[in-house]
Each structure stands twice: as C-alpha cells, then as structure tokens.
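Trainee: Sequence:
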Amino acid sequence: LDRYFKSIPLEKISSENVAAYKVARLKNAANGTVRLELQLLSRFLRWAAFEKGVICSDVVKLVRLPEAGKPRDKILSILQYQMILERVETCRSKLSGSLQGMSEAKAIIIIAWETAMRRGEILAITPSMIDFRQRVIHLADYQTKNAEARDVPLSSIAIDLLKALCEGKESDKYLNCRLFTLRPYSVSQAFRRASREARIEGVCFHSLRHTCITRYAEKGLSTLQLQCISGHKDITMLARYSHINASSVSALME
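Read in this note's numbering, the sequence shown has 45 at position 45, and its numbers run on one by one without any break.
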C-alpha cells in the first residue's frame with residue numbers, strides 16, 4: 001500500500017487508483033491478503049477525514065473487494081484459553097491497581113475473549129469510549145471494519161477489567177488517550193508465542209473472535225443479539241464465525 005500510494009496525496013486518491021492497485025496486487029498476492037489491504041486503506045481514509053480533517057473520502061467502498069479467503073474455523077476450548085493466558089509474555093507496559101503485573105497483551109486477549117472485538121478495535125479503546133452505566137463501548141464508524149458505528153456490549157469480566165484499566169484516568173487529560181500502547185503486530189506475536197508454548201496449533205488472535213461468537217451462540221443468544229456483539233451486517237458472514245456443534249444444539253432442544 002505504502003509503495004503504491006505514497007506519491008498520491010490522500011485527498012486525490014480515487015476509486016480508479018484503488019481499482020488499479022487491486023488488479024496489480026492480485027497478480028502477486030492472495031485474494032484474502034488484497035482484501036485486507038483494501039479494508040485497511042478504507043479505515044485509514046476514514047480516520048484521516050474524521051480525526052485529522054483531511055479533505056478525503058472512503059473511495060474504497062466504490063471498488064468491489066476480492067472474495068474473502070477460506071475462513072479459519074479453529075475454536076479454543078476454555079482450557080486452551082487459560083493455557084494461553086498463563087503463557088502470554090509479559091510486556092513492558094504494566095497495568096495499575098489490582099492488575100499490577102498483568103501484561104497489556106494478556107488484558108487484550110481477555111477483552112477479545114469476552115467481547116469478540118477485533119484487534120484494531122480493542123487497541124483503539126479510550127476511556128471516553130466506555131459507558132460503564134450502559135455497559136457498552138462506543139465504536140465510531142472509522143474504527144470498525146464495515147464502516148458502521150456500533151456499541152459493543154460488555155460482560156461483567158470485561159467491565160471489571162476495563163474499570164481497572166481506567167483507574168486514575170478520569171480526568172480530561174486521559175479521556176481520549178488509548179488504554180493500550182502495543183502495536184497490532186506485537187499483540188499477534190504475543191498470542192502466537194503463547195500458543196506455541198502451550199502447544200496449541202492452528203490458532204491466531206482472530207480465533208478469539210470466532211470462539212467468543214460461538215460461545216454466545218451456544219448459550220442460546222438470538223441471531224440479532226449475536227449481530228449486536230459481532231457487528232456483522234448480514235447473517236451469512238455471521239454464520240462463518242459461529243461454529244456451533246450438534247451436541248450444543250441438542251442440549252438447547254431439551
């Protein structure tokens with residue numbers, strides 16, 4: 001992306017530029033890779049317009065994205081999740097209060113397990129986005145993959161963790177400061193290393209999202225309730241993330 005668009009000012013990037021990039025990139029990269037790159041460009045353009053006041057628009061939405069690759073269907077068990085938490089590397093940034101000694105990576109993994117939020121959505125969290133009374137996190141349209149603002153419902157565990165993270169950050173000085181300082185790659189790397197040490201194969205950080213949605217589906221939440229949690233706009237995509245097994249359905253039939 002950087003090499004292709006670095007010579008074009010943001011306000012002059014057009015849908016034609018994006019389409020040309022897609023065609024050229026597909027010659028050397030998989031559909032899923034190009035799709036993710038274009039989605040990243042889309043979020044960046046929305047961020048630049050909303051946060052930085054750049055006179056640009058999300059021209060990516062005018063271009064048909066390549067088809068998504070084969071979905072990962074690995075679901076973590078509770079035991080595997082606990083093993084990963086035990087082994088996740090301690091990062092430089094520490095949390096205060098009752099969470100002293102817990103790494104940022106571990107806190108991020110817990111939030112992903114509890115909320116099904118994407119990695120980038122979690123890293124964007126600031127105290128001002130959290131409504132503890134309503135028990136939700138407010139995500140702006142430029143912070144979501146599908147460019148639609150949404151409220152993410154929070155479990156009790158997520159609430160307690162976020163309260164600890166926000167402790168001492170109630171003043172205006174901190175309200176718009178991100179809770180986490182890790183880069184996206186560092187989060188994924190910490191998860192991968194912990195998974196290897198726990199000898200759990202075929203998983204990545206995004207597996208937490210699949211697992212969370214599946215867990216809530218198995219608890220009997222409706223499709224609309226699951227869409228509220230995941231942010232998916234259509235049931236087809238939601239179905240790719242929910243891996244309910246027959247035994248779970250049988251239990252609900254009694």
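None of these hints come from the bench; they were simulated from the model.
Just so it is clear, CB atoms sit at the ideal spot from N, CA and C, and this is done for glycine as well.
Take these hints with a grain of salt, some might be off.
Derived EDC-like pairs: lysine to aspartate or glutamate, alpha-carbon spacing no greater than 20 Å straight-line [unchecked claim]:
(1) K219 with D172
(2) K27 with E37
(3) K22 with E51
(4) K145 with E114
(5) K52 with D2
(6) K27 with E11
(7) K27 with E51
(8) K163 with E218
(9) K22 with E37
(10) K145 with E218
(11) K74 with E16
(12) K61 with E114
(13) K145 with D160
(14) K12 with E37
(15) K74 with E218
(16) K233 with E86
(17) K173 with E67
(18) K145 with E37
(19) K27 with E86
(20) K219 with E114
Here are the in silico distance ranges between beta carbons for each label pair [unchecked claim]:
(21) L224 with V23: 33 to 41 Å
(22) K74 with K52: 36 to 44 Å
(23) K52 with H138: 16 to 24 Å
(24) N31 with I159: 17 to 25 Å
(25) V54 with N176: 28 to 36 Å
Trainee: Give a verdict on every hint.
Mentor: Here's how the hints hold up against the structure:
1. With a C-alpha separation of about 39 Å, the suggested pairing of K219 with D172 is violated against the 20 Å cut-off.
2. For the hint pairing K27 with E37, the CA-to-CA distance comes to about 14 Å; that is within 20 Å, so the pair holds.
3. As the CA atoms of K22 and E51 are separated by approximately 26 Å, the hinted pair breaks the 20 Å bound.
4. As the CA atoms of K145 and E114 are separated by approximately 19 Å, the hinted pair is consistent with the 20 Å bound.
5. A hinted pair counts as satisfied when its Cα atoms are at most 20 Å apart, and K52 with D2 qualifies at roughly 19 Å.
6. Taking the CA atoms of K27 and E11, the gap is about 27 Å. The hint is violated against a cut of 20 Å.
7. Between K27 and E51 the CA atoms are separated by roughly 34 Å; this puts the pair beyond 20 Å, and the hint is violated.
8. Of the supplied pair hints, the one linking K163 and E218 is violated, its CA atoms being roughly 28 Å apart against a limit of 20 Å.
9. Using a Cα cut-off of 20 Å, the hinted pair K22 and E37 holds, with the two alpha carbons roughly 9 Å apart.
10. This hinted pair does not check out: K145 and E218 have alpha carbons roughly 25 Å apart, beyond 20 Å.
11. Distance hint between K74 and E16 is unfulfilled; the C-alpha atoms sit about 37 Å from each other, more than 20 Å.
12. For the hint pairing K61 with E114, the CA-to-CA distance comes to about 30 Å; that exceeds 20 Å, so the pair is violated.
13. Only pairs whose Cα atoms come within 20 Å are accepted, and K145 paired with D160 is rejected, the gap being roughly 26 Å.
14. Using a Cα cut-off of 20 Å, the hinted pair K12 and E37 holds, with the two alpha carbons roughly 19 Å apart.
15. Only pairs whose Cα atoms come within 20 Å are accepted, and K74 paired with E218 is accepted, the gap being roughly 16 Å.
16. Restraint check: the Cα-Cα separation between K233 and E86 comes to about 35 Å, which exceeds 20 Å; the hinted pair is violated.
17. Straight-line distance between C-alpha atoms of K173 and E67 comes to about 43 Å, which puts the hinted pair past the 20 Å bound.
18. In summary, the hint linking K145 to E37 is supported, as the alpha carbons are separated by about 12 Å, within the 20 Å threshold.
19. A hinted pair counts as satisfied when its Cα atoms are at most 20 Å apart, and K27 with E86 does not qualify at roughly 42 Å.
20. As the CA atoms of K219 and E114 are separated by approximately 13 Å, the hinted pair is consistent with the 20 Å bound.
21. Our hint of 33 to 41 Å for L224 and V23 holds, since their Cβ atoms are close to 38 Å apart.
22. For the hinted restraint 36 to 44 Å between K74 and K52, the CB-CB distance of approximately 38 Å keeps it satisfied.
23. At about 20 Å, the beta-carbon gap between K52 and H138 stays in the expected band of 16 to 24 Å.
24. Range check, N31 to I159: about 39 Å between beta-carbon atoms, so the 17 to 25 Å window is missed.
25. Between V54 and N176 the C-beta distance comes to about 19 Å, which lies outside the given range of 28 to 36 Å.
Checked against the numbered hints given earlier, this structure breaks hints 1, 3, 6, 7, 8, 10, 11, 12, 13, 16, 17, 19, 24 and 25; the rest are met.
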